[in-house]
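4 protein chains.
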Amino acid sequence: TKVSVVGAGSVGATLAYAALMRGAARTVALYDINATKVEAEVLDIGHGIQFMPMAEIIGSDDVAVCADSDVVVVTAGAKQHAGQSRLDLAEATVGLVKTIMPKLVEVAPNAVYLMVTNPVDVVTYAALKISGLPSGQVFGSGTVLDSSRLRYLLARHTGVAVQNIHAYIAGEHGDTEIPLWSSATIGSVPLTEWRGMTGPDGTVVGRLTEADRERIAHEVVTSAYKIIEGKGATNYAVGLAGSRIIEAVLGDEGRVLPVSSFLDGYLGIDDVCLSVPSIVGREGVRHRLEIRMSVEELTGLRRSADALRGVARSLGL
Amino acid sequence: TKVSVVGAGSVGATLAYAALMRGAARTVALYDINATKVEAEVLDIGHGIQFMPMAEIIGSDDVAVCADSDVVVVTAGAKQHAGQSRLDLAEATVGLVKTIMPKLVEVAPNAVYLMVTNPVDVVTYAALKISGLPSGQVFGSGTVLDSSRLRYLLARHTGVAVQNIHAYIAGEHGDTEIPLWSSATIGSVPLTEWRGMTGPDGTVVGRLTEADRERIAHEVVTSAYKIIEGKGATNYAVGLAGSRIIEAVLGDEGRVLPVSSFLDGYLGIDDVCLSVPSIVGREGVRHRLEIRMSVEELTGLRRSADALRGVARSLGL
Amino acid sequence: TKVSVVGAGSVGATLAYAALMRGAARTVALYDINATKVEAEVLDIGHGIQFMPMAEIIGSDDVAVCADSDVVVVTAGAKQHAGQSRLDLAEATVGLVKTIMPKLVEVAPNAVYLMVTNPVDVVTYAALKISGLPSGQVFGSGTVLDSSRLRYLLARHTGVAVQNIHAYIAGEHGDTEIPLWSSATIGSVPLTEWRGMTGPDGTVVGRLTEADRERIAHEVVTSAYKIIEGKGATNYAVGLAGSRIIEAVLGDEGRVLPVSSFLDGYLGIDDVCLSVPSIVGREGVRHRLEIRMSVEELTGLRRSADALRGVARSLGL
Amino acid sequence: TKVSVVGAGSVGATLAYAALMRGAARTVALYDINATKVEAEVLDIGHGIQFMPMAEIIGSDDVAVCADSDVVVVTAGAKQHAGQSRLDLAEATVGLVKTIMPKLVEVAPNAVYLMVTNPVDVVTYAALKISGLPSGQVFGSGTVLDSSRLRYLLARHTGVAVQNIHAYIAGEHGDTEIPLWSSATIGSVPLTEWRGMTGPDGTVVGRLTEADRERIAHEVVTSAYKIIEGKGATNYAVGLAGSRIIEAVLGDEGRVLPVSSFLDGYLGIDDVCLSVPSIVGREGVRHRLEIRMSVEELTGLRRSADALRGVARSLGL
Ligand SMILES: NC(=O)c1ccc[n+]([C@@H]2O[C@H](COP(=O)([O-])OP(=O)(O)OC[C@H]3O[C@@H](n4cnc5c(N)ncnc54)[C@H](O)[C@@H]3O)[C@@H](O)[C@H]2O)c1
Ligand SMILES: NC(=O)c1ccc[n+]([C@@H]2O[C@H](COP(=O)([O-])OP(=O)(O)OC[C@H]3O[C@@H](n4cnc5c(N)ncnc54)[C@H](O)[C@@H]3O)[C@@H](O)[C@H]2O)c1
Ligand SMILES: NC(=O)c1ccc[n+]([C@@H]2O[C@H](COP(=O)([O-])OP(=O)(O)OC[C@H]3O[C@@H](n4cnc5c(N)ncnc54)[C@H](O)[C@@H]3O)[C@@H](O)[C@H]2O)c1
Ligand SMILES: NC(=O)c1ccc[n+]([C@@H]2O[C@H](COP(=O)([O-])OP(=O)(O)OC[C@H]3O[C@@H](n4cnc5c(N)ncnc54)[C@H](O)[C@@H]3O)[C@@H](O)[C@H]2O)c1
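Chains as they are written, first to last, in full-length UniProt numbering: chain W, 24 to 340; chain A, 24 to 340; chain B, 24 to 340; chain V, 24 to 340.
It is possible that some hints are incorrect.
Identical copies go unnamed one by one, so any copy, or any two together, can satisfy a pair.
Claimed, not checked - Within a straight-line C-alpha distance of at most 25 Å, the following computed DMTMM-like cross-link-like pairs (lysine to aspartate or glutamate) qualify: (1) Lys126 with Glu114; (2) Lys249 with Glu79; (3) Lys249 with Asp84; (4) Lys249 with Asp85; (5) Lys25 with Asp275; (6) Lys126 with Glu79; (7) Lys25 with Asp224; (8) Lys152 with Glu320; (9) Lys126 with Glu252; (10) Lys25 with Glu313; (11) Lys152 with Glu216; (12) Lys152 with Asp224; (13) Lys249 with Asp111; (14) Lys25 with Glu216; (15) Lys126 with Asp224; (16) Lys25 with Asp93; (17) Lys126 with Asp93; (18) Lys121 with Asp93; (19) Lys249 with Asp235; (20) Lys25 with Glu306; (21) Lys152 with Glu319; (22) Lys152 with Asp91; (23) Lys25 with Asp91.
Calculated from the structure, these hints are not laboratory results.
Note that the structure is a prediction, hence the values are computed from the model and not measured.
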């Protein structure tokens, strides 16, 4: 199995590192226009190969290094600067996608394409249109990372293991994203009915009020800004989220992941890429789950769709 | 961290093997009255240590080998014979528990006790009463295995990854167990509303009708009998389930697991050990989740409770 | 990736379990003439899939289940009985190999064949001749298990991590096997010069005298008998050793493993299968290392070769 | 188990990430004087917790966050700038060590201290003297990373799995370091006698001449400079190397690792910290292996020792 990562920046290099450490692929190829950078990252990661499952890392500033990949992850792009909204980055990045995608599809026509570059929903839409590949074969990391942030905060708040917090964020990877509270569960308890845990002395810990939920949802949206302010980029969690998605594809897992893909008649939403819980397997996005949503959630999702479609139109897509 | 496994039979040895392979504990101690058997198992597992995360296996027919364990797993007992119902084994096994528990508690007073020996709910109740330990510190593997069987069959039927099938079996580990369909979900879709996946050509696969659910529930109950008929014991899945529970304790995970523990006013059920989704952490069972159940499910659970209480009474517990 | 395991007995089923737990293959197929047994093992292992990396287990009494495997592991055979020497089993087992191999090669012509059934060296020789496949594509687990036993005992004796004990056993997997002491090292210290560790108080622990080495070598040879006496079969360590070999093949690792393969002019030894440290990769055995041996070691190896060649001849191979 | 990482820069944060992904510790605490930075790193890593083994990450600019650690890893310091020799950084860094160590020892008196900050050998010497802790409890990551670089290059050159390349670099982590060729092995073949692999067509690949060795040794020394030039820091491999050392301590592994520790009569070398293959366990460095060295190697090691001792003296240590 071969995974190529386009863009050897903070996100791309950490994603390669995480994927290798997790044994997600036998060969990881890094491609970047910056030859010195890509060589340095390949050396630094390669030196750690001894401590990983059997694997190989290669890299180049020649796109041929991506040839015959099973999965191509696109992280090339400009860093998001403190204060800059994700949608502001759109125009330049779409230009980049127009340059890169045809070259990639030429060397790796059968790969599944995972877009990570922001604004990821618009970038995914652009990549799909430009590549002409079947919808499903091109999708974005979407709100996998946001959902993982949500679950992390809920786990810390409730004291329940994060693996038992089943909650998704849908919509845009960005400011208009929507936590799907009404279908979320903790274990098999609806999240909105969670009453906390009663200790041996009768005290209750980890209750989750509506105010808590709102605060947590707000923290999810702001945390990316906070991280970028504090360290200039986000890379660790997105590296893991990306690796998880790669594993779902290469392992043909049929895994539910809130990735960003082309919607065509999903709860009345059309002609836009955004995230809804979807089944991911060897061919990419296999199916989108029709989630029962509250009126607010559905309204929010449609608003997110309209906003994203507007951006696409304004960029001539 | 030290885990002791009491009984080096099919279940005990495989559980030790699985726990070591998963890195669940630094030291695993096997204790069995059969000295030749325990020595053989320790040698056979020890010879594989090179291929595992750093660990150590020791064993003896002297209970002192369990001293100062963090977790003690009790698998000692008689094999379940083909045709024999789980409850038939009760009497002899409760006698065994009366002999072993005091000796174990003497050498490992602070351990969390995980009962696996069948009939596991009655054995757990007996172990709790005999040991005098706080409820929570003594619990049974319960329907963790049965739930894992259910999820496996649902995953195969629907084509969704088993990690996204959130369904629990509650009640007795045995013939009266109840699948909690009404609170089960696939991703965040209620299981009872699952409509299958629509492929690119419009065909739908993996629908799940009520008849499918009944057939699958039936298969879960009968599969243990089938395995015992075919190979004389069940050991592989229970080894993994046991290891998973150990990890929840040693990692203080706050993990939701349908283990068998003492109920005291749980949905009107008292003075019996049976399985409901519970939070497991370093101290053992921390909390039992109050699941919304359908009338049939609740009736079934109470019937299961009455049956188990009846057995306990008839054994003088 | 697909691995087939022929023979769902103690060794085959445990090997399948270990390989799945380690994520060594995406699909494991079990094939056994005993349909009830194979179905029971598949169910028992399948029920644990939830606790493993993404994988699938299938099984049948129809050899077609092995179709298009990447690796086929042959464990079919009779259990070794207490007291019975490994070579005694030869005749019946060679007959079995004659029946199975052509059918396997028909459905899985490109697979690498890993023989585990005992007497493994003779079985490997037979399988190679019968299949007509290139030498290298058919080899035996050989002394991988024995070397792992040796390292385990040396690690316990010296207090050094087993991963830093570099010692191989060569020759027959059986009574005439030879520990290659003269080339063994601990860290980068020749094993024969190991002086133990000096504690802070000046006391030395873990010295390794010639008498210690002899005792340990003897324990390795006798431990299989001891385990069979105590539990009727050996399965745990061999399951891990087999999984390790599979990983070396599927990961194209170039890993040094003392597997049993056809020697043709190796240190003057010809026309026999036995174990020497060899490089294993995607195509099977890629290269045999020319180890510097002491006179005793080389003499022992040749004696082992003569004994094995004799058995092969007496079986008409 | 608790591991604290002092300094949440490239190295510290990546090391925390790697340790969590590998399950090396239950709790990782990040401590940095830069509060915004440490908070951002903790958030970014925390958001990925869902994809890791059970673990927790905390962080603060208050040293109390390190309280009661089992291991403290010190990475605080200034980045090595392109062109700057490692020893040039010494003075400022020793000042930093003088400030930090007493505070750390106060809150975590029983921790094992792993120094990573460069110049690591001098920093280790300073930390040992300042802390007053027993030699063995304070040591440096030394040439673990350099040895891993060496093995990586040798593996690529020979085509043998890196796990079977047993070669250490000793001495200073820096320009005077010495590859211990004379005791290195590939599998059990002395590295200096490695003749490559013979393919089925008789061609030999992966020979290793003296010129190859020299070129590879040179590449190891220069690669750190190259990486820093290309990406401004090295973090991925050192994160894994650090995690490996932590695992050796927490797992009480008795693992051979070329860490930097205080030498007192080692092959005639005294009163200096530098790297030689050493046994690492729960208490830290347990024993230093007396390697058979060639005259050149021993001369080189002594020269390295003299250089390091000189630096220490010039810094008033
Ligand atoms: N979707 C998510 O969840 C998520 C999370 C974090 C970051 N991101 C996004 O990922 C992207 C990368 O972030 P980063 O921090 O790694 O940025 P970065 O600036 O560190 O790296 C970008 C890399 O892309 C390379 N590049 C630019 N043009 C290229 C081209 N034509 N071909 C190949 N490589 C090219 C650059 O040389 C650079 O190395 C950004 O768009 C960021 O917003 C997305
Ligand atoms: N709860 C579950 O999900 C589950 C699943 C499978 C099996 N089981 C149960 O696990 C138990 C063990 O099954 P098995 O197949 O391993 O049986 P087994 O007969 O192979 O092993 C039982 C072992 O217990 C030992 N033993 C007996 N008395 C002992 C004592 N006083 N002290 C120490 N050791 C003693 C025996 O020597 C034997 O080695 C059975 O009760 C079985 O029904 C439970
Ligand atoms: N090489 C080693 O290091 C090593 C170690 C342990 C065991 N072994 C050997 O492995 C073999 C298996 O041992 P076990 O304990 O699993 O024995 P077992 O008796 O438990 O299992 C053997 C299985 O092979 C099946 N079988 C028989 N004929 C078959 C055929 N024609 N096609 C398919 N399946 C067939 C049987 O039905 C049975 O299930 C033995 O030869 C044993 O000596 C080798
Ligand atoms: N030994 C090795 O193998 C190896 C390999 C790579 C890097 N390094 C060394 O590791 C060190 C760190 O490198 P980096 O790239 O992470 O640097 P960096 O500049 O990215 O990070 C250093 C961090 O230390 C913090 N810091 C400074 N003073 C502190 C104090 N008193 N208390 C707590 N935190 C403090 C800074 O705020 C900064 O976040 C350097 O000395 C580098 O040379 C060693």
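Hints and how they fare:
1. Lys126 with Glu114: within (20 Å within a copy, 51 Å between copies)
2. Lys249 with Glu79: between (34 Å within a copy, 20 Å between copies)
3. Lys249 with Asp84: between (32 Å within a copy, 17 Å between copies)
4. Lys249 with Asp85: between (35 Å within a copy, 20 Å between copies)
5. Lys25 with Asp275: both (15 Å within a copy, 14 Å between copies)
6. Lys126 with Glu79: Within one copy only: 23 Å inside, 36 Å across.
7. Lys25 with Asp224: neither (54 Å within a copy, 28 Å between copies)
8. Lys152 with Glu320: Neither. Shortest intra-copy (28 Å) and inter-copy (50 Å) distances fail the 25 Å Cα cut-off.
9. Lys126 with Glu252: Classified as neither; 34 Å inside a copy, 29 Å across copies.
10. Lys25 with Glu313: neither (32 Å within a copy, 34 Å between copies)
11. Lys152 with Glu216: neither (43 Å within a copy, 34 Å between copies)
12. Lys152 with Asp224: between (60 Å within a copy, 21 Å between copies)
13. Lys249 with Asp111: Within one copy only: 18 Å inside a chain, 35 Å across chains, cut-off 25 Å.
14. Lys25 with Glu216: Neither, since 44 Å and 35 Å both go past 25 Å.
15. Lys126 with Asp224: neither (65 Å within a copy, 29 Å between copies)
16. Lys25 with Asp93: Both, since 5 Å and 18 Å are each at most 25 Å.
17. Lys126 with Asp93: Intra 16 Å, inter 33 Å, cutoff 25 Å: intra-copy only.
18. Lys121 with Asp93: Close inside one copy (21 Å), not across copies (39 Å); limit 25 Å.
19. Lys249 with Asp235: Answer is within; shortest intra-copy Cα gap is 19 Å, inter-copy 48 Å.
20. Lys25 with Glu306: both (15 Å within a copy, 19 Å between copies)
21. Lys152 with Glu319: neither (31 Å within a copy, 51 Å between copies)
22. Lys152 with Asp91: within (21 Å within a copy, 37 Å between copies)
23. Lys25 with Asp91: Close inside one copy (8 Å) and across copies (21 Å); limit 25 Å.
Comparing the model with each earlier hint shows violations of hints 7, 8, 9, 10, 11, 14, 15, 21; every other hint is respected.
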